[in-house]
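Participant: Sequence:
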Amino acid sequence: MTDPTRLFYSELDPARAERVVADVLAGTDDGELYMQHTVAESFSFDDGRMKSASFDTTQGFGLRGVSGETTAFAHANEISEAAIRRAGETVALVRGGHGGTLAAPPARTNRKLYVDDDPISAIPFARKVELLQKIDAAARARDPRVVQVSASLTASWSAIEILRGDGFRASDIRPLVRLNVQIVAEKDGRRETGYHGIGGRYLYDRLFEEATWERAIDVALAQALVNLDAVAAPAGEMTVVLGPGWPGVLLHEAVGHGLEGDFNRKGASTFSGRLGERVASPGVTIVDDGSLENRRGSLTIDDEGTPTSRTVLIEDGILKGYMQDRLNARLMGMAATGNGRRESYAHQPMPRMTNTYMLSGHHEPDEILSSVKKGL
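Using the working numbering, you'd call the opening residue of the sequence shown number 1 and step up by one each time.
Hints in this document: simulated from the structure, not taken from any laboratory. Mixed in with the good hints, there may be bad ones.
[As the list claims (entries may be wrong)] Pairwise CB distance ranges (calculated):
#1 Glu-186 / Thr-58: 37 to 43 Å
#2 Asn-294 / Met-50: 25 to 31 Å
#3 Met-332 / Arg-278: 20 to 26 Å
#4 Arg-191 / Arg-278: 43 to 49 Å
All residues carry an ideal CB built from backbone N, CA and C; glycine is no exception.
All chains, full assembly: derive it from the sequences and hints.
Facilitator: Listed below in structure tokens is the structure:
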């Protein structure tokens with residue numbers, strides 16, 4: 001199904017929904033009706049047997065009104081005019097004498113970053129179980145030190161539609177799949193774990209390719225075997241060398257969250273008020289790009305309807321910008337960057353990362369490593 005209106009308007013007339021949203025949001029600075037329909041499944045294979053399998057469908061809406069820095073938000077799992085009107089009674093309280101002018105809507109886009117197809121219905125249940133059985137058997141056959149294998153397969157298909165008080169509508173259909181492999185190896189009474197996951201906004205067929213899941217086994221096993229002979233890292237302050245791309249938790253947690261707009265507007269980030277300053281070594285460039293095709297963090301539009309983009313956060317060590325949703329961008333006098341993200345229809349949007357990564361620098365890896373006397 002590629003027409004979201006068939007999901008959202010069975011008990012709701014589109015024209016009446018538009019009028020209700022316009023009435024509720026009159027006099028606010030911003031806001032929208034966000035509708036979502038999601039189907040999801042997961043399979044978990046552990047200790048040589050299927051441990052769990054689940055399938056669920058969720059649907060609902062979130063209605064938000066913004067006046068100045070104040071936000072009113074209500075949500076329900078029933079998409080009907082009556083439910084939206086009840087939510088509107090709560091959202092209307094944010095106006096409280098405020099005479100705002102609704103902000104201009106997001107730019108429109110006809111860009112497509114991923115297919116509309118549903119990955120869940122494309123592959124029979126039995127084949128999904130069979131894949132996990134193959135992974136379990138292949139991983140155990142790789143090395144006699146393998147004592148435990150866990151594999152999981154997950155997928156979701158989500159349709160969203162955004163309706164603003166000015167009549168702006170935007171919709172998106174979002175597939176997402178993932179395969180995780182975890183291997184425990186044992187030697188001389190010591191057990192260690194390795195893990196690898198792969199996925200993105202595409203269909204299951206990529207994960208079912210033998211080369212794909214075989215590589216997941218290889219990476220997870222290599223980690224586990226290396227860990228068997230690893231020694232504890234010494235404590236203390238030391239230099240850390242990161243490669244380009246997605247260097248894990250260090251970039252995501254230590255840098256990424258600190259560059260999100262809400263933390264910087266509130267002065268809670270170490271990067272607050274430092275635009276134009278040097279915050280990293282020369283050669284360090286970090287970007288957030290939600291417009292990469294098929295990537296897990298990619299979105300055609302964010303959860304406020306803004307097209308995603310490539311945002312340079314740090315360029316050659318200089319702080320250039322922040323990731324922004326509409327509210328924080330407006331309050332900071334900046335442009336929204338397409339980073340308004342929601343956990344679901346029951347949550348308000350916040351400025352959060354899409355695909356955040358580091359570009360290659362100017363130096364060869366050997367040159368960087370040789371310059372570090374003691375580090376990781």
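Participant: Going through the numbered hints above, which ones does this structure break? Give me the numbers in ascending order.
Facilitator: No hint contradicted; all consistent.
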